[in-house]
Amino acid sequence: MLLFSCFNKWGGCVILFINTLGGFDVSIGEKTLVEESNRSYRLIKLLQYFITFKNKNLLPETIIDNLYQDNDSPDPKNMIRGQIFRLRQVIKKLMPEGAIESDYLNITFKSGYYCLEVGNKVVVDKDEFEKLIFDGDQLMPTDIDAASAAYSSAVNMYKGGYLGDSQYEMWLVPVRNYYRRLFLKVIFNMAELLKEKGKHEDIMILCEKAIGIEPFEESIHIYLIESMLKLGKIKNAMSHFEYITEVLEKENGARLSPALKEIERKIQHNYNEKSNMDVANVKDKLELTVNDGPFLCDAEYFKFLYNLHNRKRNPKDSSDFISLITLNPTKKTPSANRELIKLWSEDMTKVLIKTLRKGDVFSFWNDTQILALLPDVKDNGTNSIEHRIHANLKNLNQNNAYELKIRFVPIESNFSLT
Amino acid sequence: MEYPTKYDFYLKFKAITSSSNKFLDYVLIEVSNNFFGAVSVKPELIIGMKFSNLVFDKDNSLLDFHELQYHMIPNSRRKFEKYVPELGRWYLVNIFGDSGNEMILFYSDITKLKNGKTPNQNEDGNKEELIAKSV
Numbered sequence: 001m002l003l004f005s006c007f008n009k010w011g012g013c014v015i016l017f018i019n020t021l022g023g024f025d026v027s028i029g030e031k032t033l034v035e036e037s038n039r040s041y042r043l044i045k046l047l048q049y050f051i052t053f054k055n056k057n058l059l060p061e062t063i064i065d066n067l068y069q070d071n072d073s074p075d076p077k078n079m080i081r082g083q084i085f086r087l088r089q090v091i092k093k094l095m096p097e098g099a100i101e102s103d104y105l106n107i108t109f110k111s112g113y114y115c116l117e118v119g120n121k122v123v124v125d126k127d128e129f130e131k132l133i134f135d136g137d138q139l140m141p142t143d144i145d146a147a148s149a150a151y152s153s154a155v156n157m158y159k160g161g162y163l164g165d166s167q168y169e170m171w172l173v174p175v176r177n178y179y180r181r182l183f184l185k186v187i188f189n190m191a192e193l194l195k196e197k198g199k200h201e202d203i204m205i206l207c208e209k210a211i212g213i214e215p216f217e218e219s220i221h222i223y224l225i226e227s228m229l230k231l232g233k234i235k236n237a238m239s240h241f242e243y244i245t246e247v248l249e250k251e252n253g254a255r256l257s258p259a260l261k262e263i264e265r266k267i268q269h270n271y272n273e274k275s276n277m278d279v280a281n282v283k284d285k286l287e288l289t290v291n292d293g294p295f296l297c298d299a300e301y302f303k304f305l306y307n308l309h310n311r312k313r314n315p316k317d318s319s320d321f322i323s324l325i326t327l328n329p330t331k332k333t334p335s336a337n338r339e340l341i342k343l344w345s346e347d348m349t350k351v352l353i354k355t356l357r358k359g360d361v362f363s364f365w366n367d368t369q370i371l372a373l374l375p376d377v378k379d380n381g382t383n384s385i386e387h388r389i390h391a392n393l394k395n396l397n398q399n400n401a402y403e404l405k406i407r408f409v410p411i412e413s414n415f416s417l418t
Numbered sequence: 419m420e421y422p423t424k425y426d427f428y429l430k431f432k433a434i435t436s437s438s439n440k441f442l443d444y445v446l447i448e449v450s451n452n453f454f455g456a457v458s459v460k461p462e463l464i465i466g467m468k469f470s471n472l473v474f475d476k477d478n479s480l481l482d483f484h485e486l487q488y489h490m491i492p493n494s495r496r497k498f499e500k501y502v503p504e505l506g507r508w509y510l511v512n513i514f515g516d517s518g519n520e521m522i523l524f525y526s527d528i529t530k531l532k533n534g535k536t537p538n539q540n541e542d543g544n545k546e547e548l549i550a551k552s553v
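Protein chains in written order, with our numbering: chain A, 1 to 418; chain B, 419 to 553.
Among the hints, a few may not be true.
To be verified - If we take Cβ atoms under 8 Å as the criterion, some of the chain B residues that face chain A in the derived model are:
(1) PHE474
(2) ILE491
(3) LEU505
Hints were generated in silico from the structure; no laboratory data involved.
Where a beta carbon is used, it is the ideal one built from N, C-alpha and C, also for glycine.
Hey, can you work out the whole structure from these sequences and the hints?
Below, the structure is given as structure tokens:
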């Protein structure tokens, strides 16, 4: 590894190595802070805090706020002073004999601020990680291989969340988010680079490694399934898709996202392509269900159908409409009432299936709004549709009078849904 | 002494928490009316974004959240002086987190107080200086 080759000797000097990605340790030569397990938890936490904010001026009050909020000491500033004194001793013990403090770690107190000054004989892995990604970004437009090598080294350095994932501290959250985002960014950049080169095996290896660290990041699973499909491993792709949809639903309570729906379509498409098809069974494969009413679909597919319809329609034709149905338009947050929304969704599905025609399409755009595509509505037909929706809804649910706003907008060729 | 407030603006965030009520991130929910006029960033491009994503948003990176991100935690109150080179203005940035789940970043234009000075290029390249903390 890049760092190991330089951390024992660097120009004849012993290097202090600080590991923060996936865990925490400070090591120099054979000595490590973890081995000296009698170190107090508080001191380690204080050192972690200083390393996170290295070379920055820190007010004692800020340190108290972030680290010792639950402490009921009558003089917290004095307590901090004592802790920092002990931390200096620990650092001193770790240094080689006769070492100059300013070359390694030096906690100073100037003008009311504490500051951990990090000298030139210290290597912090998070800095190396950031530098490699920065180098990769710079090299990307000119030298893809060198960029890829830099990214690859960065990926190897990231062993998990900042200071390990087991420890939860409020002040750690933004820092941890930042390095996590950096890691994901480098994974996506690498996957794109490998995709361009058609190295799908390598994408699989990369994604499997990344999933070990970030198991719930949907985009990594999508890259993995896509590369499986490219390699013709359709059964693997199907079983991984089933696995990940189940896991995400269990963990996040989330249904299929638009991106996962898209990948499901790709799997289905690949599966159909591989199986033999002749003219006799083409019809069976294309016609999935018999449906005499309007077509209900998700928002993503609605966009697709709308844009397709818009492309093929005659621009002069003014009889095609989009309808927007909104629940409780005057109230600000109907979304808070989950039961009302559930009931409304069920009732509206029944009503629209009964009211709209076979060629119409509708979709739940969000919790409280429905979009409908109504082609070929002639002779003031929108009034009649609105009247029928209200009447059918009233017949269905006499007890619950929903407040609805129904708007009709003629489709214009320059308007597309994105 | 009264100072101009034309370029003062704020951003309001709401905390995202886990099912066990652990803080996870912030999401930007509101900006002041004059936001576009003050910084030329369209609010609709950033409202709804998570703070951790805003840090990486190169297209709208004018406010340099990278430096502020470590202080964006519930209950924290901090003040920073910050020079925004693209706007040629000094700001006093107030991070104000309440005990609930909201956080406000208030940018006060203090260019006039600074008499138009720009930061010294030799100051380790660090244009941000912690000046005080309000508790």
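Exercise. Which numbered conditions among the earlier hints are violated in the structure presented, ordered from lowest to highest?
Worked result: Violated hint (a single one): 3; every other hint is consistent with the structure.
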